[in-house]
Amino acid sequence: MPEVSVIIPTYNERENIVELIPALARVLAGIDFEVVVVDDSSPDGTAEAARELAKQYPVQVIVRKERGLAGAVIEGIRHARGKYCIVMDADFQHPPEVIPKILQQLRQGYQVVVASRYIKGGSTEKWSFTRKFISKTATFLAHFLFPETKNVQDIMSGFFGFETELVKNKLDQLNPLGYKILLEILVKCKPEKVCEVPYSFKERKHGKSKLGAKVMLDYLRHLARLSKHSRNYLPKFLAVGATGALVNFCVYNLVLHLLGITRLSIILAWLCGVEAGILTNFTLHEHWTFAPEQLSKSKKSVALRCLAYHLSNIGYILLTSATAAAVTWVLGKRPLLAWLAAIIVGITWNYCVARKIIWHKKRLGKY
Numbered sequence: 021m022p023e024v025s026v027i028i029p030t031y032n033e034r035e036n037i038v039e040l041i042p043a044l045a046r047v048l049a050g051i052d053f054e055v056v057v058v059d060d061s062s063p064d065g066t067a068e069a070a071r072e073l074a075k076q077y078p079v080q081v082i083v084r085k086e087r088g089l090a091g092a093v094i095e096g097i098r099h100a101r102g103k104y105c106i107v108m109d110a111d112f113q114h115p116p117e118v119i120p121k122i123l124q125q126l127r128q129g130y131q132v133v134v135a136s137r138y139i140k141g142g143s144t145e146k147w148s149f150t151r152k153f154i155s156k157t158a159t160f161l162a163h164f165l166f167p168e169t170k171n172v173q174d175i176m177s178g179f180f181g182f183e184t185e186l187v188k189n190k191l192d193q194l195n196p197l198g199y200k201i202l203l204e205i206l207v208k209c210k211p212e213k214v215c216e217v218p219y220s221f222k223e224r225k226h227g228k229s230k231l232g233a234k235v236m237l238d239y240l241r242h243l244a245r246l247s248k249h250s251r252n253y254l255p256k257f258l259a260v261g262a263t264g265a266l267v268n269f270c271v272y273n274l275v276l277h278l279l280g281i282t283r284l285s286i287i288l289a290w291l292c293g294v295e296a297g298i299l300t301n302f303t304l305h306e307h308w309t310f311a312p313e314q315l316s317k318s319k320k321s322v323a324l325r326c327l328a329y330h331l332s333n334i335g336y337i338l339l340t341s342a343t344a345a346a347v348t349w350v351l352g353k354r355p356l357l358a359w360l361a362a363i364i365v366g367i368t369w370n371y372c373v374a375r376k377i378i379w380h381k382k383r384l385g386k387y
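Under the numbering used here, the letters of the sequence shown match residues 21 to 387, in that order.
None of these hints come from the bench; they were simulated from the model. Please note that the accuracy of each hint is not assured.
Result set (DSSO-like, lysine-lysine): computed pairs, CA atoms no more than 27 Å apart in a straight line [said to hold, decoys possible]:
no., residue 1, residue 2
1, Lys213, Lys140
2, Lys376, Lys353
3, Lys170, Lys188
4, Lys381, Lys146
5, Lys156, Lys170
6, Lys75, Lys103
7, Lys190, Lys213
8, Lys188, Lys213
9, Lys190, Lys103
10, Lys353, Lys210
11, Lys75, Lys156
12, Lys85, Lys170
13, Lys75, Lys208
14, Lys75, Lys85
15, Lys222, Lys317
16, Lys103, Lys208
17, Lys210, Lys381
18, Lys208, Lys188
19, Lys121, Lys222
20, Lys121, Lys213
21, Lys121, Lys146
22, Lys170, Lys210
23, Lys85, Lys210
24, Lys121, Lys188
Distance ranges between label pairs, derived from CB positions [as the list claims (entries may be wrong)]:
no., residue 1, residue 2, range
25, Leu284, Gln193, 18 to 28 Å
26, Ala323, Trp349, 12 to 22 Å
27, Pro211, Gly352, 29 to 39 Å
28, Leu278, Pro211, 24 to 34 Å
29, Lys146, Trp359, 38 to 48 Å
30, Lys146, Leu288, 14 to 24 Å
31, Lys222, Lys103, 26 to 36 Å
32, Phe269, Ala345, 20 to 30 Å
33, Lys320, Gly352, 46 to 56 Å
34, Cys270, Trp308, 11 to 21 Å
As the structure is a prediction and not an experimental result, all values here were calculated from the model. A virtual CB, placed ideally from N, CA and C, is assigned to each residue, including glycine.
Full structure from sequences and hints, please.
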């Protein structure tokens, strides 16, 4: 059995793969290794080139009809025979020379080792401001929704290693969407020991980058789907609250636009905006935030929770108004402080009522 399996998902990477496999053999000289090439039926002959190299190097070649990097990685893990797996791209953006550093940390007992661009010693060469911004934003969203990942600076990395058994034991539960499988592994496999090693992200040697709008949309969909499994409700609760506020604002302005600005229309627009925000929040909480609770979906149960959520929002209005008034009474005219105190008290109220009463299995959730 080899010590390490290097998994390389490919699509139209013939020019790169014929250089990468010999480079891996040089870097891993003296180490029992295998290369697992998982090709998505590339029309450029990537699989054929890899099979030719298999006559000289320890290479498995798997050809799939499906498309998708994450799915290819999972297929590679399924066929991997090594004690450890290392996932990397074929285009030399992930330097083979970093693999011994990853392997060293795995040997020392770390269950997942991430090659990182964002710790000391790492870098991103020739990245535009836009690409850096997108990467940092994606990392922030992952840390916000999954606090258990906050110690991993480069959550978007596609270059990482792990104990094979850790992931194989949960392989049937992995269902990533798009390119980012590391996040899926960290959230679902729950490794106890994780570390990062620095590397400099290179420009691809041959071919075109596959990064595009679809990749970014897939990542957002992946976050939403993966977060359904998380019982860390507060980040999702806050995200839903922000969404509801946006819906409230849009409906408020839409009604004013349709009716014109009068005293009556302002009141009506405000009521419509509030109700739209409440219904948006309720729907998202029901199907996303508290989905892991697996509460009854009978009409009676959903209607009861919806009514309770409306009542809790009446409590929110009364409580925030009282808080703002109290702060103003005690501290004088400090509108920003009064607003901030009211928001903190209101969010705490809404979250506690939602978590402990409305979407609680032993209370309203049991009907």
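Do the hints match the structure? See the list:
| no. | hint | in the structure |
| --- | --- | --- |
| 1 | Lys213 / Lys140 | holds, 20 Å |
| 2 | Lys376 / Lys353 | violated, 35 Å |
| 3 | Lys170 / Lys188 | holds, 24 Å |
| 4 | Lys381 / Lys146 | violated, 52 Å |
| 5 | Lys156 / Lys170 | holds, 13 Å |
| 6 | Lys75 / Lys103 | holds, 23 Å |
| 7 | Lys190 / Lys213 | holds, 17 Å |
| 8 | Lys188 / Lys213 | holds, 17 Å |
| 9 | Lys190 / Lys103 | holds, 16 Å |
| 10 | Lys353 / Lys210 | violated, 49 Å |
| 11 | Lys75 / Lys156 | violated, 42 Å |
| 12 | Lys85 / Lys170 | violated, 36 Å |
| 13 | Lys75 / Lys208 | violated, 37 Å |
| 14 | Lys75 / Lys85 | holds, 24 Å |
| 15 | Lys222 / Lys317 | violated, 50 Å |
| 16 | Lys103 / Lys208 | holds, 20 Å |
| 17 | Lys210 / Lys381 | holds, 25 Å |
| 18 | Lys208 / Lys188 | holds, 12 Å |
| 19 | Lys121 / Lys222 | holds, 17 Å |
| 20 | Lys121 / Lys213 | holds, 16 Å |
| 21 | Lys121 / Lys146 | holds, 24 Å |
| 22 | Lys170 / Lys210 | holds, 13 Å |
| 23 | Lys85 / Lys210 | violated, 30 Å |
| 24 | Lys121 / Lys188 | holds, 23 Å |
| 25 | Leu284 / Gln193: 18 to 28 Å | violated, 55 Å |
| 26 | Ala323 / Trp349: 12 to 22 Å | violated, 39 Å |
| 27 | Pro211 / Gly352: 29 to 39 Å | violated, 52 Å |
| 28 | Leu278 / Pro211: 24 to 34 Å | violated, 54 Å |
| 29 | Lys146 / Trp359: 38 to 48 Å | holds, 44 Å |
| 30 | Lys146 / Leu288: 14 to 24 Å | violated, 54 Å |
| 31 | Lys222 / Lys103: 26 to 36 Å | holds, 28 Å |
| 32 | Phe269 / Ala345: 20 to 30 Å | holds, 24 Å |
| 33 | Lys320 / Gly352: 46 to 56 Å | holds, 49 Å |
| 34 | Cys270 / Trp308: 11 to 21 Å | holds, 20 Å |
Violated hints, listed in ascending order, are 2, 4, 10, 11, 12, 13, 15, 23, 25, 26, 27, 28, 30; each of the other numbered hints is respected by the structure.
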